[in-house]
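Participant: For this one, chain A is given, so just place chain B on it according to the hints.
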Amino acid sequence: ETGVTQTPRHLVMGMTNKKSLKCEQHLGHNAMYWYKQSAKKPLELMFVYSLEERVENNSVPSRFSPECPNSSHLFLHLHTLQPEDSALYLCASSLWDRPYEQYFGPGTRLTVT
Amino acid sequence: DAKTTQPPSMDCAEGRAANLPCNHSTISGNEYVYWYRQIHSQGPQYIIHGLKNNETNEMASLIITEDRKSSTLILPHATLRDTAVYYCIVSGGTSYGKLTFGQGTILTVHP
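Chains as they are written, first to last, in my numbering: chain A, 1 to 113; chain B, 1001 to 1111.
Treat the hints as calculated values from the structure; they're not laboratory data. Be aware that a few hints might be false.
Listed below are the simulated BS3-like cross-link pairs for lysine-lysine, each with C-alpha atoms no more than 30 Å apart in a straight line [what the hints assert, rightly or not]: (1) B:K1098 with A:K40; (2) B:K1069 with A:K41; (3) B:K1098 with A:K18; (4) B:K1069 with A:K19.
Computed footprint of chain A on chain B; a stretch qualifies when at least three of its residues, placed anywhere within it, have a C-beta under 8 Å from a C-beta of chain A [what the hints assert, rightly or not]: (5) 1043-1056; (6) 1095-1103.
Each residue gets a CB set at the ideal place from its N, CA and C atoms; glycine is no exception.
This is chain A alone, in the form it adopts within the complex (with noise of 0.2 Å):
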């Protein structure tokens, strides 16, 4: 595997499951990022890890739950999800002293039913 990878790459669920986001990044980084895009909307940061410790925490509401084991794997857990986070989920990953270079993975496209 190369770049970063995110698992899965679609996902349906309901309003009361919970489920979990995967990210693995290979390219030595040390920091991660998890963005929502919503249809017709611009990407909007969600978190940011920085050497496995958590940096930003943009106002997002407590169904979502970050998770950063190590520096190449991050996790967002899901529950109790509104229709309205349908949207695509990008990891991004970077050199911690290059936070503005960021790569990202193919994204999970996430349907809440």
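Facilitator: Same frame as chain A, now just chain B:
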């Protein structure tokens, strides 16, 4: 972070240079200009960035005006695979790692 303004769409013929403009008149001295693109249904792709000098890499060239209030991304020989939304982003301010994606420019490369 400074706000950017880009044209909503542009067309380019295959093999010709694509010149994508961006205005960032409120850019501050320590902010960089970054360019990303997003091909349909894929994650964004980093292209290039610069502070005040012109920059070139294997993908593109970035020309920043002397007053730093605007810049142009140049794809020297556009191909059909360059059809994408191109985002000009000014970052390096107060929020670590925060890339503020606007609406971007939809570049369509025609055969």
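Participant: Regarding the pair K1098 of chain B and K18 of chain A, is the alpha-carbon distance no greater than 30 Å?
Facilitator: 28 Å, holds
Participant: For the pair supplied as a hint, K1098 of chain B and K40 of chain A, confirm whether the alpha-carbon distance does not exceed 30 Å.
Facilitator: Roughly 20 Å between the alpha carbons, so the hint for K1098 of chain B and K40 of chain A holds.
Participant: Between the region 1095-1103 of chain B and chain A, are there enough contacts, at least three residues with CB-CB distance under 8 Å, for the coverage claim to hold?
Facilitator: holds (count 9)
Participant: Please count how many residues of the region 1043-1056 of chain B have a CB within 8 Å of a CB from chain A and say whether that reaches 3.
Facilitator: Holds: 5 residues of the region 1043-1056 of chain B have a Cβ under 8 Å from chain A.
Participant: For the pair supplied as a hint, K1069 of chain B and K41 of chain A, is the alpha-carbon distance within the 30 Å limit?
Facilitator: At roughly 26 Å apart (the allowed maximum being 30 Å), K41 of chain A and K1069 of chain B satisfy the hint.
Participant: Please work out if K1069 of chain B and K19 of chain A have their alpha carbons no farther apart than 30 Å.
Facilitator: The given pair, whose Cα atoms are some 45 Å apart, is violated under the 30 Å limit.
Comparing the model with each earlier hint shows a violation of hint 4 alone; every other hint is respected.
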